[in-house]
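Once you've looked at the hints, go ahead and assemble the two chains, each given alone in its own frame, into the complex.
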Amino acid sequence: MVSPEADDQSLVAACRLGDRQAFKSLMQRYQRKVYSVAYGFLRNQEDALDVVQESFIKVHRYLGNFEGNSSFYTWLYRIVTNLCIDHIRKNKRHRELEFDDGLRHDGEDGAVSALPLSSLGDPAQVLQRREILDAVQDGLQYLSDKHRAVIIMRELQGMSYEEMAQAMKCSKGTIMSRLFHARRNMQKLLTERLGYVPSALADETGEDRDATSVATPQAVLP
Amino acid sequence: MMTKTISEQQLSAYFDGELSPAERAEVEQWLAHEAADEAAAPSAGPSGRAVLAELGLMRDALGASLNAEAARVPEARFEQIWDEIDRALDRDTAAHQPATPNPSLWARAIGLLRPVWVPVAATAGIAAVLLAVVKGGAVPTDATGTNTAELVASKPEPLPPVTPTPAVPTPGFLAAAEAEPSFPEPDMREADIERIEFSGKQGRIGTIEGKRGTTTVIWVSDEDPGTGERSL
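First to last, the protein sequences are chains A and B.
Position one of the first sequence corresponds to residue 9 (the working numbering), numbered consecutively onward.
Position one of the second sequence corresponds to residue 22 (the working numbering), numbered consecutively onward.
It is worth saying that the hints were derived from the structure and are not from the lab.
Warning: the hint list may mix true and false statements.
Cβ-Cβ distance ranges computed for the label pairs, FRET-style [to be verified]: (1) Ser28/B with Arg51/A: 43 to 49 Å; (2) Arg98/B with Ala132/A: 18 to 24 Å; (3) Gln36/A with Leu126/B: 47 to 53 Å; (4) Arg135/B with Ser78/A: 54 to 60 Å; (5) Arg129/B with Ser168/A: 35 to 41 Å; (6) Glu13/A with Ala92/B: 19 to 25 Å.
Which chain A residues face chain B? A few, computed with CB under 8 Å, are given here [what the hints assert, rightly or not]: (7) Gln39; (8) Tyr43; (9) Asp55; (10) Leu57; (11) Phe64; (12) Leu141; (13) Leu164; (14) Met176; (15) Phe188.
Since the structure is predicted, the reported quantities are computational estimates derived from the model, not experimental observations.
Think of the CB as a built atom: it goes at the ideal place given N, C-alpha and C, for glycine as much as any other residue.
Chain B on its own, in the form it takes in the complex (with noise of 0.2 Å):
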């Protein structure tokens, strides 16, 4: 029979592995001893040894009867609950994409300047082929009736020969317009152009009258002119 000396809470912690080994080398001196009164005279409660036996089969019957339970559950029941993990896993992964890198500082001016600077650009090449319309006068046309930039610029033909001036020697293109002057000088004020098509692109020039004077305003847009208009 059990005495004073180990308590059954000492037994239980000598069960889990958990005394000191001064404590361990106790009870198992105890145990041996206890064995022994047992052989001489056995007592009425449960030995020790006993004790630690219920405990272990404690133990095996808690495992054997938790395990039993989730046999019951069938496979399908885990197979729903991996599809289940299965998502919330895409939803982490996902969560975990690098964002889009932020824009650079430039590339959100540009951003920000686009709706100005694509018209402006647009205007300026319009007005590249006004001046050289104006500058050159009526168009010349080839043989099928089109127009392009490069019948617009004036060809340089071979030049007179020219007392060359070794001091100051004149540009090509200076010395062609000088040798060429086959087109009268217009006069700005004469060009009337209400309709203007650039790559493919319309638009429309008007003037607007106010205090300052007359400004002229260009529209230039992708779309059809009449459900929307850039204007500068």
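The following block holds chain A by itself, in its conformation from the complex (with noise of 0.2 Å):
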């Protein structure tokens, strides 16, 4: 019996021969990073847990056909993000919403005027600040799927582009402009949320801001 501390690739092997408890080592390995991606891409608790069981299920029904060219959690991955945006596709036929980029396209091309991250100080405090996070959940739910799936895909998975257009089963130069106005969308979407946060945050934390660092709303959207 296989320990549950050793690598990926002993576990694996384990479970191709019949070790169920390897696959549970496997599994509680995995669960929440795979839970943070159907999350990411679903923005719903229970759908994000039945993409985690089901993911499992089909590793273990499929793990015969992984032949170890890439790492098992790239191979993981791979299976979560199909399973998403299947879950994405069925679930837009039944709530007849567009699986589109055109739906919240902002639909400009101008330079970034502003950096909502960056303006908030330290970026180690900042990766610290609950609210931001939050903030960060909040935009995402605001993107529309196709820029929530490629921003998940790109920032959470490290895809590379080629896989993301496999994925999504379109060209590269197509995710590449994707991602591009997924981003900037985000960026929006952060520095409407976060503008607002720098001096509610100075009176519970006391920190001593510089005001200039913080950009409101209105001085930063066109």
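In structure tokens form, the structure reads like this:
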């Protein structure tokens, strides 16, 4: 019986021999990461947990097809991504909403005029602040399905443009453009959301912040 | 300040490491040039490096945000999911069990003929017993009153000395039959058997009169004859 601390390759090899406990160890290692990705795509806890479950069942079912050319988690994330995209497409049919960039396309191609996160101070501290992390999640909520998908695939899963193009069945050029617009929209949403944060934070934390380093929505939005 | 020579889209692809080596070199040259210009005369807008830093921060913030979301899910919820997965894997395993191999043609033929060959074999056994009884007349009994096949079959007694005829050797049993005509030859028409017992089984014998004459029918059953019968 292989140790739960064993590396992915050893656990995968044990799983192939029918070691159910090894498979459980693999799942426990990646379940929260898989959930993060699924939640990023779907924005719903139960839907994301359904994808976690379905992903690991598929992983077990197709473990024999895993050739080991890529790492296990890359292969796992591909499965998760495909399931999430399928889920969105299915729901799209039910909701009759468009899984399309045009739904919330920014429609502009001008230069970025504000850097909402950089303007909040020390990056290490920014990442510790709950309200900022919540703002990021809110921003995701308001992106179109396709913009959210490319952002999650790229930023969370580290997929290449080529891999993303395969997953979304489009060209690399489309992915490049889509990702650029998705990031711009995200920056705008964060600017809107975080433009009001610093004064409240200053009250809460007592931080002496330079007012000029914080952009207000009126000042930064075109 | 960024100029039109490098678009934000290119800068985004540069950040992702998705540019060709030539394009990458071009962007890096532009960034270096821009840094020098910034030192001389700061621009109002964000620099290329600041944009890249913002992209990196957004990536980190996104990861931190979703990891925090995942941390909120209680471990017990994942345990429930594992239970579901475990059950699904059991179902998968059961579905992939090798199916019972199809019986061979012989096995199937034997199975189909079983209702026929069992009574046939039983009847053959009964017939053998009857033949022995009929041929032997009264069944000799031993001291306990039981009759056995061993008792029915006559044991050859020591043969009287016979002058050997080397030309035609006589088989032993024929010689015994000839030498021991102790039972009268039975008349088959006199046999009137209505009930039989064979190896713990019971049955009946009857006759059916038809156009082609009389047909003898033997019923043999493992079960209580009152509840089930097999006919030949």
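*Hint by hint, which ones does this structure get wrong, listed from lowest number up?*
1, 2, 5, 9, 14
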